[in-house]
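Visitor: For reference, the chains in residue letters:
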Amino acid sequence: MMLSRDGIAGLVCLALSIGLFALTFGLPPAVMVPVGPAFYPRVVILILGILSVILIVFDVLAMQRQRAAAVAPRATAATAGPAPNYRLVLATFVEFGVYILLIPLLGFRISTFLFVLLLEITLEWPRSPRHWIVMILVAVATSLVCFYVFEDYLSVLLPRGTWSGM
Amino acid sequence: MKKLLALAFASLISTASYSTVSYSGSYPDHAIKLIVPWAAGGDTDLIFRPLLPLLQKYLGQPVIIANVGGASGTVGEREAANAAPDGYTVFGAHDYIHSVYFGGIIDIKYSDAFEPVCLISSTPSVITVGAKTPWKSFKDLVADAKKRPGQIVVGASLGSTSQYSIALAAKAAGITFKYVPYQGTAPRMNALLGGHIEVADSNLTQKSKVDGGLLRFLANMSDKRTEGLENVPTLKELGYDVEYSVNRGLMVPKGTPAEVINKLNDACAKATKEPEYAKALLLQGTSVRYMDPKGYAEYLKKTDAQTKDIAKSLGLLKRE
Amino acid sequence: MNHYELLFTHIGTVLHFQYLIPLLVGTIAGVIGGALPGVTITMTVIVVLPFTFGLDPLQGLAAMIGVYVGGSAGGSITASLIGIPGTPSAVATTFDGFPMTKKGEAGRSVWVGVWSALIGGALGGLCLIELTGPFASLALQFGPWEFFSLFVFALSMVAGLVGRSVTKGLLSGAIGLIVTIVGADPIMGVQRFTLGIHQLEGGFPFLPVLIGIFAFAQLMPDVELIGADEQAIAARPTQMNLKVSHLSVLWDILCRPFMLLWVTIIGIVIGVLPAIGGSAANIMAYDQAKKFSKRPEKFGTGIPEGIVASEASNSANVAGSLMMIMAFGIPGDAVTAVMLGALTVHGIQPGPLFIAQHPKVAYGIYASYLVALPLMVAVIWVGSRLWMRIIMMPKAMLIPIVLVLCVIGAYALGNSMNDVYVLALFCVIGYAMVKARIPLAPLILGVVLGDQIESNMIQAVSTDADPWLFLTRPISGGLLAASVLSIALAVWQHNRETKRLAAAAEEEFDTDF
Chain X
1 MMLSRDGIAG LVCLALSIGL FALTFGLPPA VMVPVGPAFY PRVVILILGI
51 LSVILIVFDV LAMQRQRAAA VAPRATAATA GPAPNYRLVL ATFVEFGVYI
101 LLIPLLGFRI STFLFVLLLE ITLEWPRSPR HWIVMILVAV ATSLVCFYVF
151 EDYLSVLLPR GTWSGM
Chain F
1 MKKLLALAFA SLISTASYST VSYSGSYPDH AIKLIVPWAA GGDTDLIFRP
51 LLPLLQKYLG QPVIIANVGG ASGTVGEREA ANAAPDGYTV FGAHDYIHSV
101 YFGGIIDIKY SDAFEPVCLI SSTPSVITVG AKTPWKSFKD LVADAKKRPG
151 QIVVGASLGS TSQYSIALAA KAAGITFKYV PYQGTAPRMN ALLGGHIEVA
201 DSNLTQKSKV DGGLLRFLAN MSDKRTEGLE NVPTLKELGY DVEYSVNRGL
251 MVPKGTPAEV INKLNDACAK ATKEPEYAKA LLLQGTSVRY MDPKGYAEYL
301 KKTDAQTKDI AKSLGLLKRE
Chain S
1 MNHYELLFTH IGTVLHFQYL IPLLVGTIAG VIGGALPGVT ITMTVIVVLP
51 FTFGLDPLQG LAAMIGVYVG GSAGGSITAS LIGIPGTPSA VATTFDGFPM
101 TKKGEAGRSV WVGVWSALIG GALGGLCLIE LTGPFASLAL QFGPWEFFSL
151 FVFALSMVAG LVGRSVTKGL LSGAIGLIVT IVGADPIMGV QRFTLGIHQL
201 EGGFPFLPVL IGIFAFAQLM PDVELIGADE QAIAARPTQM NLKVSHLSVL
251 WDILCRPFML LWVTIIGIVI GVLPAIGGSA ANIMAYDQAK KFSKRPEKFG
301 TGIPEGIVAS EASNSANVAG SLMMIMAFGI PGDAVTAVML GALTVHGIQP
351 GPLFIAQHPK VAYGIYASYL VALPLMVAVI WVGSRLWMRI IMMPKAMLIP
401 IVLVLCVIGA YALGNSMNDV YVLALFCVIG YAMVKARIPL APLILGVVLG
451 DQIESNMIQA VSTDADPWLF LTRPISGGLL AASVLSIALA VWQHNRETKR
501 LAAAAEEEFD TDF
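Chains as they are written, first to last, in our numbering: chain X, 1 to 166; chain F, 1 to 320; chain S, 1 to 513.
Derived by calculation from the structure, the hints in this document are not laboratory data.
Source: prediction; values computed, not measured.
We treat Cβ as the ideally placed atom computed from N, Cα and C, and that holds for glycine.
Be aware that a few hints might be false.
Quick list of simulated restraints, FRET-style, between CB atoms [unchecked claim]: (1) 133(S) - 143(F): 36 to 44 Å; (2) 383(S) - 212(F): 42 to 50 Å; (3) 25(X) - 498(S): 37 to 45 Å; (4) 111(F) - 196(S): 19 to 27 Å; (5) 165(X) - 195(F): 52 to 60 Å; (6) 378(S) - 130(X): 31 to 39 Å; (7) 282(F) - 131(S): 30 to 38 Å; (8) 84(S) - 282(F): 50 to 58 Å; (9) 276(F) - 21(S): 24 to 32 Å; (10) 104(X) - 246(S): 34 to 42 Å; (11) 303(F) - 28(X): 23 to 31 Å; (12) 489(S) - 15(X): 51 to 59 Å; (13) 128(X) - 131(S): 52 to 60 Å; (14) 21(S) - 230(F): 38 to 46 Å.
Isolated chain X, as found in the complex (with noise of 0.2 Å):
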């Protein structure tokens, strides 16, 4: 069966209901108030439920629309311009989530640095050796100013790493 990300996305949260559903099954009873604390997340849950199911029969309904039409599907029409630089994209992510990663183990100051100054070079390669040095500076920069300014003067501890000690 073909989907659009309508309908992928409507399978996500039925399949997120669907276990929040089972996950409800074991929570006690109500005391004291007259609904236990079940009550209303089933509510929230079928409420979603309900939701997906009409987004994904409206996506499939409209596939099949399309396809009786034989006209291109959807998915073409709206990727007029550029091509999304999906690699990017992914490499920004991973990124982030490689520093989110390194901040308690390298601290705030060197990983800020080196998340800093690695996303600015994948996200433009610098042209010339003053290009770098911007990079480099701006990164520096970042770190420190971040650091110094929330701790001495926004009492905003930063994480120390457990590696560095710093």
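Using the hints provided, position chains F and S relative to the given structure of chain X.
Guide: Chains F and S alone, transformed into the frame defined by chain X:
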């Protein structure tokens, strides 16, 4: 290029000022984190916050508050219980630690997870009613409640101190109420003002609304009349032998060295004696009540037993 | 009058350096953030957020109000000069602003926008000051039934109005509600759906969720385009002559007082309606101005009315949103949702008693708002050239910095990495939703209101076990009827639109949220 990178690294490393972690002898040598398990600006937060600069004065290191709210205060409690017992994480607790254990909300028994450091404050509970209600005194309320048991609507954080206070008074007077969940003093007062609930626990902080005729204080649950509430009778005067107040103190994770606890307690004893702290607390309807680690431990044992009794009578006792 | 005495005292307070500096910095950040294409006001206020934790509540709010006011106006600069709306609330400004610039009247198009924002904002401010009090007294009469129904109404209306599919709008709202059922239940603290993970016991905290949802969702569309639109960027002008006679600009605006008033009212009303915000206000106002104009055919060719309608309404919209958050504690849009979060961090719960309990903060908000307006004009006046330079800052540098600030913002809430992990999780969810073309605004409102919907529902049934009270209490019943109506209306409108567009090639707009 490499040079530049190396330079950048060097500058990063050289700026690490206080990074070493050691607590022997020189405690404290860096900032201390005080975990308050409720949101900033709440009653508990406003009682611990003015203590910070005073503690800092006597400890010589900054004390920084971390509001770790959520799940009736148990998220912060768990974080504090799991922290390293080095004296750099302090837990700002109040009497809820007993009720959340007995109510089955958290599996941490305070005495297994924490060492008491000092008790710092006491906030007497005041039974408060809305201006639209007919009761002018606690006796009126009792008489009415006897006529229609379980019908008068009380707003409270169910299973927490604001319910236990009213429940204790109700038990002493032989009456029953209907409890509706309202978390936090501010929402309870909104509901009282709007007439959506009839009775709630509050404290001196609501005095301006009482003076303005929007609310009425019926009884003070302190053992004797307290500052600012000279016109409000205590339950003891009215012939009910109960008292209830919410008491707050400092604890550290179990296993913290004794000398660290002593240092914290010394600072705490001095800080709570400062007149400016008493002044700050009065704004929160609270008075300073200092106890040393031993006194606090005994006090905790007593309230633990009392909480268990109330939990049992409310049908909330989930474990011994 | 006591009310105005208080107001003037607080204007005096806000003029002190202590508050003026955050306000000014916020305004500058707002103008820049608003002007940067791809960086919305929401994003800017998220970036400013971590800086406000260490400040006192009013300082923090002053900074955010500066961002809000500055951003609403800043968006018009880019809209007028390069034809790209700096924020979604300036979309309609491009319709006439850019053609005017192309006619060689760049200065006029920018300044008509800026002065309209000032005037619309000032009119909105008047409403804010006068009507918040009565609104709050109304809110005090609301019991749990009424609040429950109000929240349901807010959600259904937002779900119906944003995006192109009612189902997806509602789905987004439902996902928001799902987010809030994780963790301890609001009544007895029973753990739900935590799967035994202790970190989830406190539930998903609102601000990390919000930052996460918006961070990648708003930045990644720019990343997707890197390498694709470099020519377009290179073609943008960096220097323009913005000199203009301000008197003639003011005449452009004031010569149609009724239209000005009408679009301002539209802006305020849309601000008061929960979570719709400036992105709807400017388009609706533009549409109205066109309908009531004597020369509708000229709209879109570079006439001042078009700019006035868009800018006056989105500026007044700010006042409407502030009104709603102060009286009911319900955010009028994503920016006020962040403000609500920031207030809660400082322990201030906006709601019916907010003005009475925190007069300093409440009047401080009024005062900051009133001071921010002229400040915004001054900031644009003095710095227009400089801001244009900054707007050209390469995305490759901007994006990493914004992401670092997002991490700090999440971390600083509770000095805990947990919140940062929540942030990361919702970054993924937010981006996935953008790709599935599910609008984000209903989700945010769902997260804001979720616990309150449940609490109020349980309060209502524990006070009186009769569930029909939700329908039989007049205000509550009316609001529920309005919810059903708003969804029905949205479905009807949507169907009509689909039919109208059926022939036309299907065009995908990236709805901002």
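Visitor: Run the structure past the numbered hints and jot down the numbers of the failing ones, going up.
Guide: Violated hints (numbers, rising): 10, 12; every other hint is consistent with the structure.
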